[in-house]
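Engineer: Read off the chains here:
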Amino acid sequence: MSDNTTEIRAALRAILADHSSADAVLAAEPEGWNEPLWRVLDDGGFATIAVDETIGGSGGSLADACAVLHELGRSAASIPFAEHALLAGWLLSQGGWDLPGGVLTVIDDTSGLQIEAAGAGFTLSGTANHVAWAGASTQILLAAVVDGTPTALLLSTKDVQVGGGANLAEEQRRSVAVDSITVPAERTWELPADAVEQLRLRGALSRAALIAGALERVSELTVRYTSEREQFGRPIGRFQAVQRHVVRLTEMAQQAAMATTVAALNGSDAVDFFDVASAKIVAGECASGGAAAAHQAHGAIGMTKEYELGQLSRRLWSWRDEYGHESAWARELGHRLAEAGADELWPRIAAGLLAAGPQA
Amino acid sequence: MRFIPTGLSAQELQLQREVREFVKDALPAGYRPGLGMGASRSPEFSKKLAERGWVGMAIPKQYGGHARTAVDRFIVTEELLSAGAPLGAHFVADRQTAPAIIKFGTDWQREFFIPKIVAGECWFSLGMSEPDAGSDLSSVRSAATRVEGGWLLNGTKIWTSGAHRNHYFAVLCRTSPSEDKHQGLSQLIVNLRGDGVEVRPIPFLNGAHEFNEVHMTDVFVPDEMMLGAEGSGWQQVTSELAYERSGPDRFLSTFGLVKYLIAERATGGLTPEQERAVGQLVARFWTIRQMSLSVARTIDDGGAPAVEASLVKDIGTRFEQRVIDVIRDVVEVQLDLDSNSTFEQLLAESVLTGPSFTLRGGTTEVLRSIVSKGLRNV
Ligand SMILES: Cc1cc2nc3c(=O)[nH]c(=O)nc-3n(C[C@H](O)[C@H](O)[C@H](O)COP(=O)(O)OP(=O)(O)OC[C@H]3O[C@@H](n4cnc5c(N)ncnc54)[C@H](O)[C@@H]3O)c2cc1C
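From first to last, the protein sequence lines stand for chains A and B.
The numbering of the first sequence is my numbering, which starts it at 244 and goes up by one.
The numbering of the second sequence is my numbering, which starts it at 130 and goes up by one.
Only chain A is shown next, with the shape it has when bound in the complex (with noise of 0.2 Å):
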């Protein structure tokens, strides 16, 4: 961790606090987002983070956007940073396009729609689901292979139905039906030739880092429960039966924060494919273990909605899921592996971190 994202992590943590209690993630449920926190993060500029500075953001790596994620995971705090920095913000700044004012999502799946070249602009009709926060946001992005050509589109929210949907954590993925309509070639524009994959990359990454803050807090308030809980006269933590349970819940923490902070800080020019695919895979096998763990150590007290442990694991189970499951992404990194040879696979798994030295 550089100074600049220990720095972040603990201004924004002080926020959550107070913003993004177990509470305040109860209350924002109905709405699928909590918008008041949203409010106080953009206004402390931490909600452009890792956006172009030359584009209206704050700037930061990605590093620092996952350290953000990271904390946002830990304190299940359902706001859109994910898909309005590091994706949205990410893609207009490939247009140089200014950050418009509002919230902004993305589609990842473009597969139920049809694209269209239409003179200098395209058309556009069919239906995505599970588009994050897409009731919360003014414009939609996306991004796909148009006749060959990777192509960005930014549409209104206004110009598409928004229907329903949300995760298990009641976190807004809406359906969004589009009915031919055109968008103008002004507002379309080109893509780099990797820049489709970057985004699926970056969404998938956005996930594990979002898991990895989730899974660590949960692994406290699995260490804290079970060294207060009492049956048999002592506490439940001294059972080794129980102990077994909150250290594979540690073991989980640790292997999906160290998955994700590789992959994050390795991805400083173009996230890579191995990386996030390993993280994504490490963080949602992570995920259930960890989640389950948790609950069985927690007994009846974490089945309840107002205990905290119930926001993480509803989230866990959510995100583990979202942008590609890891089955999807395993078999997609065996098969790439398996084409690259037996003789290749040591050497990539030794690359490791590529920044040398200690990330302190």
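No lab work stands behind these hints: they were computed from the structure.
Given the structure is predicted, the values throughout are model-derived calculations rather than measurements.
We treat Cβ as the ideally placed atom computed from N, Cα and C, and that holds for glycine.
Warning: the hint list may mix true and false statements.
With a Cα cut of at most 20 Å, we get these calculated EDC-like pairs of lysine to aspartate or glutamate [what the hints assert, rightly or not]:
(1) Lys401/A - Glu433/A
(2) Lys245/B - Asp261/B
(3) Lys232/B - Glu353/B
(4) Lys502/B - Glu463/A
(5) Lys153/B - Asp586/A
(6) Lys153/B - Glu471/A
(7) Lys176/B - Glu250/B
(8) Lys310/B - Asp261/B
(9) Lys502/B - Asp265/B
(10) Lys502/B - Glu587/A
(11) Lys232/B - Glu393/B
(12) Lys502/B - Glu471/A
(13) Lys153/B - Glu393/B
Ranges between beta-carbon positions, derived for each pair [what the hints assert, rightly or not]:
(14) Ala433/B - Asn247/A: 21 to 31 Å
(15) Thr392/A - Ala158/B: 39 to 49 Å
(16) Asp246/A - Gly323/B: 56 to 66 Å
(17) Gln474/A - Phe333/B: 52 to 62 Å
(18) Asn247/A - Ser305/B: 53 to 63 Å
(19) Lys310/B - Gln483/A: 14 to 24 Å
Starting from the known structure of chain A, arrange chain B with the ligand on it as the hints suggest.
Structural biologist: Using the frame of chain A, we list chain B with the ligand on its own:
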């Protein structure tokens, strides 16, 4: 609990390249790889490595070591393990005994043993376990009594890997009775070929001769072979175990399964299930390696990441076993140790030896106690 991600410097990357080249030359084309530190042993290979300065790397120069870092040692070790190289002869002496002698030993011991270890010519076993003392090492019964010029040692050690081939072992034994089981223990360096020492084989599950029972009857151990202060055996052994725990030998034992699955099957195309297995496992190799490397870097930076090391051992050894299950599940072959497929041989070998990964060097259960105590104390 803190794992700081770390990368390799230019010099470290250079070392990595050198080891890779060395391994390519030193292992002939048809070389049959082995499973991590359980790979075969080759005194010639150990000597060749030593000639390159890759044994006893972290030992100070004045004792013939190379004054390299823990990370340098990590790099050499992971390259050898990932190739399934025959490092069995010198591995324990290099990993465990040499650092213990440097830390606790006398000048005489350092001068006598270290140059031989660094040359890859002096091999050690570990003399801890006994029939009634496994996880609970403090209950060892082997005992030494004071005699003129030294000690008279009696007792039985068990599960002593390689005792039939190695030269010495450091025996944890009681040197004075004590109320507190952790007091009154010492370590004596014993010549495995000496008078009164009898090494009896215990066949390993795969039929190999790895384990031994070592009986010691009135073995005379001269004073200069006491390792560390009399009565400090417990502290020494526990500190020694910390070296033993978090290295690449704790997550790479079954790496060959993934590598040779690709080598042998990828030309015809892996099935989607196999691809998924490879992806899942490789993602985890990459992550765990980074954690293990982080422990080495922390040691070089003067830290004492004992709890982190235990955590990595637990993660790594359970992962080594999971690799076997996942791979076996997606290949569906009838196992045969004599198969002419390297992949299938390794898989058969893994199934037979896999349960040992989470036992040797401290069981999963015991490690978890250490970690959970560490977590409560933060
Ligand atoms: C391949 C291999 C090589 C080895 N090489 C050597 C060697 O060279 N030298 C040497 O000295 N030893 C060696 N060992 C021995 C190894 O260190 C012991 O097997 C290990 O410490 C466990 O002791 P044990 O086998 O007696 O099992 P036990 O201690 O009897 O344990 C049996 C089970 O009970 C559990 N258990 C025990 N106590 C506790 C507790 N307090 N809390 C929770 N669970 C507990 C254990 O975790 C385990 O599951 C080797 C072992 C293997 C498998």
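Engineer: Next step is simple, just say for each hint if it's right about the structure.
Structural biologist: Evaluation of the provided hints:
no.: 1; hint: Lys401/A - Glu433/A; verdict: violated (23 Å)
no.: 2; hint: Lys245/B - Asp261/B; verdict: violated (33 Å)
no.: 3; hint: Lys232/B - Glu353/B; verdict: holds (16 Å)
no.: 4; hint: Lys502/B - Glu463/A; verdict: holds (14 Å)
no.: 5; hint: Lys153/B - Asp586/A; verdict: holds (11 Å)
no.: 6; hint: Lys153/B - Glu471/A; verdict: violated (55 Å)
no.: 7; hint: Lys176/B - Glu250/B; verdict: holds (7 Å)
no.: 8; hint: Lys310/B - Asp261/B; verdict: holds (14 Å)
no.: 9; hint: Lys502/B - Asp265/B; verdict: holds (17 Å)
no.: 10; hint: Lys502/B - Glu587/A; verdict: violated (40 Å)
no.: 11; hint: Lys232/B - Glu393/B; verdict: violated (46 Å)
no.: 12; hint: Lys502/B - Glu471/A; verdict: holds (14 Å)
no.: 13; hint: Lys153/B - Glu393/B; verdict: holds (19 Å)
no.: 14; hint: Ala433/B - Asn247/A: 21 to 31 Å; verdict: holds (29 Å)
no.: 15; hint: Thr392/A - Ala158/B: 39 to 49 Å; verdict: holds (48 Å)
no.: 16; hint: Asp246/A - Gly323/B: 56 to 66 Å; verdict: holds (58 Å)
no.: 17; hint: Gln474/A - Phe333/B: 52 to 62 Å; verdict: violated (42 Å)
no.: 18; hint: Asn247/A - Ser305/B: 53 to 63 Å; verdict: holds (57 Å)
no.: 19; hint: Lys310/B - Gln483/A: 14 to 24 Å; verdict: holds (20 Å)
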